[in-house]
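Peer 1: Below are the chains, spelled out letter by letter.
Protein chains: 2
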Amino acid sequence: MPPAANESNGSPNKDAFQAVDPESRTQRPPINTRNPYQPVPDFLSNVGSFKIIESTLREGEQFANAFFDTAKKIEIAKALDDFGVDYIELTSPAASEQSRLDCEAICKLGLKAKILTHIRCHMDDARIAVQTGVDGVDVVIGTSSFLREHSHGKDMDYIAKAAIEVIEFVKSHNIEIRFSSEDSFRSDLVDLLSIYRTVDKIGVNRVGIADTVGCASPRQVYDLIRTLRGVVSCDIETHFHNDTGCAVANAYCALEAGATHIDTSVLGIGERNGITPLGGLMARMIVADRDYVMGKYKLHKLRDLENLVAEAVEVNIPFNNYITGFCAFTHKAGIHAKAILANPSTYEIINPADFGLTRYVHFASRLTGWNAIKSRVEQLNLDLTDAQCKECTANIKQLADVRPLNVDDVDSIIRQYHFNIKTGKDTPLLKGLDHPAPVIDEMAVDGEPAAKKLRSEIDQDATKCC
Amino acid sequence: MPPAANESNGSPNKDAFQAVDPESRTQRPPINTRNPYQPVPDFLSNVGSFKIIESTLREGEQFANAFFDTAKKIEIAKALDDFGVDYIELTSPAASEQSRLDCEAICKLGLKAKILTHIRCHMDDARIAVQTGVDGVDVVIGTSSFLREHSHGKDMDYIAKAAIEVIEFVKSHNIEIRFSSEDSFRSDLVDLLSIYRTVDKIGVNRVGIADTVGCASPRQVYDLIRTLRGVVSCDIETHFHNDTGCAVANAYCALEAGATHIDTSVLGIGERNGITPLGGLMARMIVADRDYVMGKYKLHKLRDLENLVAEAVEVNIPFNNYITGFCAFTHKAGIHAKAILANPSTYEIINPADFGLTRYVHFASRLTGWNAIKSRVEQLNLDLTDAQCKECTANIKQLADVRPLNVDDVDSIIRQYHFNIKTGKDTPLLKGLDHPAPVIDEMAVDGEPAAKKLRSEIDQDATKCC
Chain W
1 MPPAANESNG
11 SPNKDAFQAV
21 DPESRTQRPP
31 INTRNPYQPV
41 PDFLSNVGSF
51 KIIESTLREG
61 EQFANAFFDT
71 AKKIEIAKAL
81 DDFGVDYIEL
91 TSPAASEQSR
101 LDCEAICKLG
111 LKAKILTHIR
121 CHMDDARIAV
131 QTGVDGVDVV
141 IGTSSFLREH
151 SHGKDMDYIA
161 KAAIEVIEFV
171 KSHNIEIRFS
181 SEDSFRSDLV
191 DLLSIYRTVD
201 KIGVNRVGIA
211 DTVGCASPRQ
221 VYDLIRTLRG
231 VVSCDIETHF
241 HNDTGCAVAN
251 AYCALEAGAT
261 HIDTSVLGIG
271 ERNGITPLGG
281 LMARMIVADR
291 DYVMGKYKLH
301 KLRDLENLVA
311 EAVEVNIPFN
321 NYITGFCAFT
331 HKAGIHAKAI
341 LANPSTYEII
351 NPADFGLTRY
361 VHFASRLTGW
371 NAIKSRVEQL
381 NLDLTDAQCK
391 ECTANIKQLA
401 DVRPLNVDDV
411 DSIIRQYHFN
421 IKTGKDTPLL
431 KGLDHPAPVI
441 DEMAVDGEPA
451 AKKLRSEIDQ
461 DATKCC
Chain F
1 MPPAANESNG
11 SPNKDAFQAV
21 DPESRTQRPP
31 INTRNPYQPV
41 PDFLSNVGSF
51 KIIESTLREG
61 EQFANAFFDT
71 AKKIEIAKAL
81 DDFGVDYIEL
91 TSPAASEQSR
101 LDCEAICKLG
111 LKAKILTHIR
121 CHMDDARIAV
131 QTGVDGVDVV
141 IGTSSFLREH
151 SHGKDMDYIA
161 KAAIEVIEFV
171 KSHNIEIRFS
181 SEDSFRSDLV
191 DLLSIYRTVD
201 KIGVNRVGIA
211 DTVGCASPRQ
221 VYDLIRTLRG
231 VVSCDIETHF
241 HNDTGCAVAN
251 AYCALEAGAT
261 HIDTSVLGIG
271 ERNGITPLGG
281 LMARMIVADR
291 DYVMGKYKLH
301 KLRDLENLVA
311 EAVEVNIPFN
321 NYITGFCAFT
331 HKAGIHAKAI
341 LANPSTYEII
351 NPADFGLTRY
361 VHFASRLTGW
371 NAIKSRVEQL
381 NLDLTDAQCK
391 ECTANIKQLA
401 DVRPLNVDDV
411 DSIIRQYHFN
421 IKTGKDTPLL
431 KGLDHPAPVI
441 DEMAVDGEPA
451 AKKLRSEIDQ
461 DATKCC
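So the protein sequences, as listed, match chains W and F.
Read in full-length UniProt numbering, the first sequence has 185 at position 185, and its numbers run on one by one without any break.
Read in full-length UniProt numbering, the second sequence has 385 at position 385, and its numbers run on one by one without any break.
In short, the hints are calculated from the structure, not lab data.
Worth double-checking, as some hints may not be accurate.
Identical chains share a label here; the pair holds if one copy fits it or two copies do between them.
20 Å max Cα-Cα, derived SDA-like pairs, lysine to any residue [to be verified]:
hint, residue 1, residue 2
1, Lys201, Gly230
2, Lys390, Glu97
3, Lys154, Ser194
4, Lys390, Asp125
5, Lys72, Val402
6, Lys422, Ser194
7, Lys301, Gly133
8, Lys72, Lys201
Model, not experiment: these values are computed from the prediction.
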């Protein structure tokens, strides 16, 4: 099995698969000598041709804090469509009367994205769904022994029968149909493959694999999807919860194994701690196939999209959020700062500019190095030799040992040091610290976390260097 | 390659590997018919015997917001030790004078955990490190072409020579020594294996693989660690950044492939958006081997530990944090609530009680179901038939369509419905909504996010059901 990440540009996709003669698989591209992990093309992989089923308005509505009124749902649907997602999935119209009306309203918006709704495998729900104007219906039923025992109480024969009835009914209305098991990774493998083969034969558009409880691990996902890929000819959709931290990685491994569609939600909101986040998936996939991701999604709108949803469900963007977290492109250690200033690729696998963002080299700490300080000296348009920058850095590290410094502190130390050098004076560099300069400890005012303040400081700061 | 997750109890470890005759590998345990993904034992795997190198006080100090004074470092070190981590890694004593003094102070605490410090592969740093009283030294040098070109500018011969000098010096002081490459996944494979074999032969305790830029994917990690496992006989430590969302998954796959040590930090804090979080790793590993994790780590102290570090670096616990996020064990959709009430394992792979936490079934929304409402009726000690519960649920869903409801709203609707039933009256259930009851929209007061309020409401709430 070849290593399969770090694809850059033109990783294999379905078209490539169809075009290549299986006999000619020895015609490998020249090995990239700089990175031995450049993958040997894998003809199952869809990392360069995946589609997104965006479920903020279905899975996301199951998030503890979520209440979307009609106007907010429409605003979110439009923003998702503008971002470029392939599908938008909505709460079942059978959940409540307003859910049904909202579903109809969104179908009438004329978005580019296809509109789906997500229903139980039951004719009552299906009859309502097909009347809403959706482009497709996502049907789900629990197949694990846990769910068969404690949820619906049905056996596999019943499930197959119900599935066939619902699928044929939905197909008769000429709209897309997906059939998914729930809790797929705790279901019996033979049961699963058997029902998927059945529904594939009667013509579903997609089958779905769902890690409903978030227990699956990446190699387990690869194995199941790869097995399923050999059993069905339809598309394969995957849905991963994040309880054990693998929702992004599992999505990636599913695509490697031949899955075609990934479920996401903005910030990952959903039941419990949620599912594969849209932003996290973008971070993973842009590393795998930058051309595909850049060509398809408006990445510079990610931050606004996340802010929209975060405000709607009243949460803060996590400090460590993928790409848009306040520190995602902040570099601090001296050794990192030096290399980043020479070539950002040394410590960055993602270019923040691809997302309309900037990087930040944090030089105001005891971990700083003289390269970072030299860069700041140049930004301040001051004139110091390398030896002087090193001496100034030693002073800064000494002061930073005493208490947190902020950008203003360091700038005034540098300026004072420069002034002393040019005038031959010996004014204490410490003097600036006697001033009531705001320190990081004091930055958390008005209940606003320091992180948020720093992000906004970073946004306005002249130290941006990309 | 067998599927390899969901191990429960006694997954194979090194001892098992040594004890088993390779010829007897066909003696597999009986297949678990309820879960076909129960792994065939994998003799490389250390998912049931890993160790944690906790780096909050080294990698974590490189987090943008981190400034730990001596007292805070000692407080964190004691808390980590109490939690049960195997190693505590500290910032290089060569970084600043205070860093050196802090390192000495922590070494004198007499903790159970071994104390490490993390230095550049340079004799200047090594000479300082061995004088601090640490139990071991973690040496690192960049081996990727990026770092060799833009950071230290040395070739592989130079690196090997420097490594041997530092390793033999540290070993002569009878303390542990680890040698790690930096940016291992963008280094030349032959270079890597060559230098690891060299340092293994001269007796390092561990070699380290580091995904410094966060580019690695799970199967790539598995392949590299598995290859390395065949080359060196010493322990293998791994360090994963989270830029592309795989830091927990990669740690897990590394253990599956034979790695022995995982680097973590509390909340994952570190350069950029950080590394494998301690809590996220616990979530993953308790699913893999509950006995091992429960027997070794004081999981009920995780929340306090995270709060300690979050306060020190002035961030909020992310709303979707593993295990301790406010919604990690909150269930909302009606179909989920029903099954959770029957058997929590249906929609939970982790038992919140293992972490001293409780689950919460969210019944005040339009996605609620009658099983959740029935459970609430019983908690309120009211007497309604199933049919009445269903009718009451229909009313609640209708009202929840209009605007967000909170627990008080739903309780008053239930009580009013119950009152009407028992007295034969027909008082409108809506009446309660005219009262100025606090709604979720109004819960974000004093700049405190609603999430935090809800968490605290959940903590005090009678609806806990585990």
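Peer 1: Hint by hint, which ones does this structure get wrong, listed from lowest number up?
Peer 2: 6, 7, 8
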